[in-house]
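Novice: Sequences are here, hints too, so could you generate the full structure?
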Amino acid sequence: MLSRRSLIVAGTGARLLLADPAPMIVTIVLPLLFGAFLLPSSRAQLQQSGIVNATGAEHVVPGLAVLFAFLGVSLVGTLFFREHAWGTWDRLRASSASTADIFVGKLLPLYVCLLAQLAVVFTAGAVMYGYRVTGSLLALAVVLALFVAVLVAFGAMLAAVFRTMDQAIVIGNVGGMAMAGLGGALAPASTLPAWAQAAAHASPAYWTLDAIEDITLHRAGLADVTTALAVLAGFLVLFSVVALARFRAEETKVGTT
Amino acid sequence: MLEIRDLAKAYGGRPVLRGVDLDVGAGEIVGLLGPNGAGKSTLISIAAGLRRADRGSVRIAGRDATRHRAQTARLIGLAPQDLGIYPTLTVRQNLMFFARLAGLGPSAARRQVNSTAEALGLADRLNHRADTLSGGQKRRLHTAMAVLHRPKLVFLDEPTVGADVASRAGILDVVRQLAAEGTAVVYTTHYLTELEHLGATIAVLHAGRIAVRAPLAEVIARFSAAGVALRFTGEVPHLPGWRVDGERLVPEAPVADPVAAAAQALVALGTRAGGLAGVEIVRPSLESAYLAITGQTAVAQTEEVVDALAA
Chain A
39 MLSRRSLIVA
49 GTGARLLLAD
59 PAPMIVTIVL
69 PLLFGAFLLP
79 SSRAQLQQSG
89 IVNATGAEHV
99 VPGLAVLFAF
109 LGVSLVGTLF
119 FREHAWGTWD
129 RLRASSASTA
139 DIFVGKLLPL
149 YVCLLAQLAV
159 VFTAGAVMYG
169 YRVTGSLLAL
179 AVVLALFVAV
189 LVAFGAMLAA
199 VFRTMDQAIV
209 IGNVGGMAMA
219 GLGGALAPAS
229 TLPAWAQAAA
239 HASPAYWTLD
249 AIEDITLHRA
259 GLADVTTALA
269 VLAGFLVLFS
279 VVALARFRAE
289 ETKVGTT
Chain B
499 MLEIRDLAKA
509 YGGRPVLRGV
519 DLDVGAGEIV
529 GLLGPNGAGK
539 STLISIAAGL
549 RRADRGSVRI
559 AGRDATRHRA
569 QTARLIGLAP
579 QDLGIYPTLT
589 VRQNLMFFAR
599 LAGLGPSAAR
609 RQVNSTAEAL
619 GLADRLNHRA
629 DTLSGGQKRR
639 LHTAMAVLHR
649 PKLVFLDEPT
659 VGADVASRAG
669 ILDVVRQLAA
679 EGTAVVYTTH
689 YLTELEHLGA
699 TIAVLHAGRI
709 AVRAPLAEVI
719 ARFSAAGVAL
729 RFTGEVPHLP
739 GWRVDGERLV
749 PEAPVADPVA
759 AAAQALVALG
769 TRAGGLAGVE
779 IVRPSLESAY
789 LAITGQTAVA
799 QTEEVVDALA
809 A
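Taken in order, these protein sequences are the chains called A and B. In short: position in the first sequence from 1, add 38, done, that's our numbering. In short: position in the second sequence from 1, add 498, done, that's our numbering.
In case anyone wonders, no lab produced these hints; they're calculated from the structure. Worth double-checking, as some hints may not be accurate.
[Claimed, not checked] Here are some chain B residues pointing at chain A (derived, C-beta under 10 Å): (1) A546; (2) L548; (3) R550; (4) A577; (5) L587; (6) L599; (7) G601; (8) A644; (9) F653; (10) L767; (11) A771.
A virtual CB, placed ideally from N, CA and C, is assigned to each residue, including glycine.
Specialist: Listed below in structure tokens is the structure:
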């Protein structure tokens with residue numbers, strides 16, 4: 039799966055992202071900043087629902103981490119579309135790297151960046167806002183790792199389906215925000231209107247945050263979140279199938295430099 | 499090294515390539531000429547594996563380039579017509595990336611990066627971001643990325659567009675060196691003097707096919723004729739063996755020595771040459787040959803030998 043050439047492509051992809059770190063910094067700084075403002079209301083809500091020792095971080099930290107992770111998907115712009123704007127896509131394709139090498143190599147840095155973003159936000163949330171889990175840290179890591187894979191597949195789908203970087207980013211951001219909101223990133227899903235609660239099941243954010251809530255508040259381990267993991271795996275397959283079916287290496291994309 | 503047979507490609511029903519046959523041997527530089535829209539870049543894209551042909555075959559080093567893509571891709575280098583460099587990476591990072599993709603190990607890649615940068619005058623810019631380079635330096639980097647792994651076959655699609663004089667000379671030197679080392683080069687350009695400097699074999703793509711493929715000297719000898727015209731103000735005198743063409747007197751038949759023909763005509767005209775305004779000499783050239791092959795109107799590359807002799 040990870041050939042030498044895909045790792046070489048990934049290395050350069052990582053350098054490209056590091057050369058323009060602002061988007062990643064935003065997805066780390068903003069959730070920590072917003073957290074300060076949302077903590078009091080989240081604390082009140084959790085205490086009202088019976089979590090007497092709640093700090094508010096139990097919901098705010100995962101919710102904002104997931105919300106801004108969706109925004110991080112826009113990095114596909116740099117990894118795919120900018121190659122067309124820079125004129126490097128065709129010379130990459132003419133190289134010894136196969137289409138699979140390029141596809142996998144482009145997505146690997148995205149996976150690492152989004153995982154790092156979540157890790158930093160959760161860790162900083164623990165330090166700054168007292169986020170703690172009552173359940174299994176391993177389960178938390180597995181849920182987050184699978185959620186990031188779903189995001190990467192979502193990003194791959196955007197890169198495959200849309201012809202322009204602007205289209206991909208706008209749809210990605212709007213779609214991502216909708217999925218995050220429905221999933222309970224901003225307010226607990228249980229507080230949403232009935233129609234939204236029903237629709238939430240169609241969002242990978244819902245299953246992610248539901249599993250994280252169980253791990254955070256209800257001592258859940260890996261065995262307790264298997265349903266959420268299975269559904270997330272389903273989203274991963276769905277987005278991946280669409281991306282692979284639709285991706286055309288020879289298609290000209292429009293990016294900005 | 500490169501064998502193209504009966505290559506055809508149409509876009510939206512409009513045929514661009516109608517059955518192209520082209521061979522390029524090891525160490526040969528083929529200058530691929532053709533008007534804008536003739537299909538030169540399309541031909542290169544197909545040969546480099548970026549596009550599929552509607553018909554025909556491409557063989558690289560004896561292997562079918564479509565069926566054996568993995569093996570043939572590592573033999574080629576490509577510098578597309580549009581500049582293709584990573585602006586936010588350094589020159590070294592740009593070069594190392596393609597060296598490693600070409601299969602070079604880390605130390606071999608470093609050596610090739612350093613020597614190619616030296617050859618193209620980029621050695622002192624290796625640690626600078628590519629977006630800080632001048633236009634000419636960017637063109638040299640663009641070319642370097644195609645050649646640094648010493649491919650067996652390299653496609654250079656208008657490599658000197660926008661390059662300054664020094665950059666152009668550096669690129670041509672590298673192309674000559676590559677050919678001397680046995681690389682087959684397919685080189686497109688609208689600057690025909692480059693092909694003369696490279697001693698290239700000429701292939702003219704016209705109406706979807708290779709109309710002519712021959713050494714440079716042969717193309718000029720076969721398709722470019724010397725020419726002369728005497729330009730007059732007022733009435734144009736008549737002279738046997740010459741015909742009136744507007745305000746000019748031109749030979750009825752091709753002349754081998756235009757200067758001698760002009761001198762003989764002026765002697766024969768004597769005092770009737772009083773209205774002479776200028777003498778235009780057209781020397782055989784690749785440009786006039788190319789224009790003749792593609793059926794375009796010859797814009798005479800003239801030397802004004804005698805100008806505006808006032809009465």
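Novice: Each of the hints needs a verdict: does it hold here or not?
Specialist: Structure-based check of all given hints:
1. Taken as an interface hint, A546 of chain B checks out: its beta carbon lies about 5 Å from the nearest beta carbon of chain A, inside 10 Å.
2. At about 5 Å, the closest approach between the beta carbon of L548 of chain B and any beta carbon in chain A falls short of 10 Å, and the interface hint on this residue holds.
3. Given hint, R550 of chain B at the interface with chain A, holds; its Cβ is 8 Å from that chain's nearest Cβ, closer than 10 Å.
4. Residue-level restraint check for A577 of chain B holds (minimum Cβ-Cβ distance to chain A is 8 Å; threshold 10 Å).
5. Interface restraint check for L587 of chain B: the shortest CB-CB distance to chain A comes to about 6 Å, inside 10 Å, so the restraint holds.
6. Checking L599 of chain B against chain A: minimum C-beta separation of about 5 Å stays under 10 Å; hint holds.
7. Interface restraint check for G601 of chain B: the shortest CB-CB distance to chain A comes to about 6 Å, inside 10 Å, so the restraint holds.
8. Satisfaction of the interface hint for A644 of chain B is found here, the shortest Cβ-Cβ separation to chain A being roughly 7 Å, below the 10 Å cut-off.
9. For the restraint placing F653 of chain B at the interface with chain A, the shortest Cβ-Cβ distance is roughly 8 Å, inside the 10 Å limit, so the hint holds.
10. With a cut of 10 Å, the hint placing L767 of chain B at the interface with chain A is violated, because the nearest CB-to-CB distance is about 58 Å.
11. The interface hint given for A771 of chain B is broken, as the beta carbon of that residue sits about 57 Å from the closest beta carbon of chain A, more than 10 Å.
Violated hints, in rising order: 10 and 11; the structure is consistent with all others.
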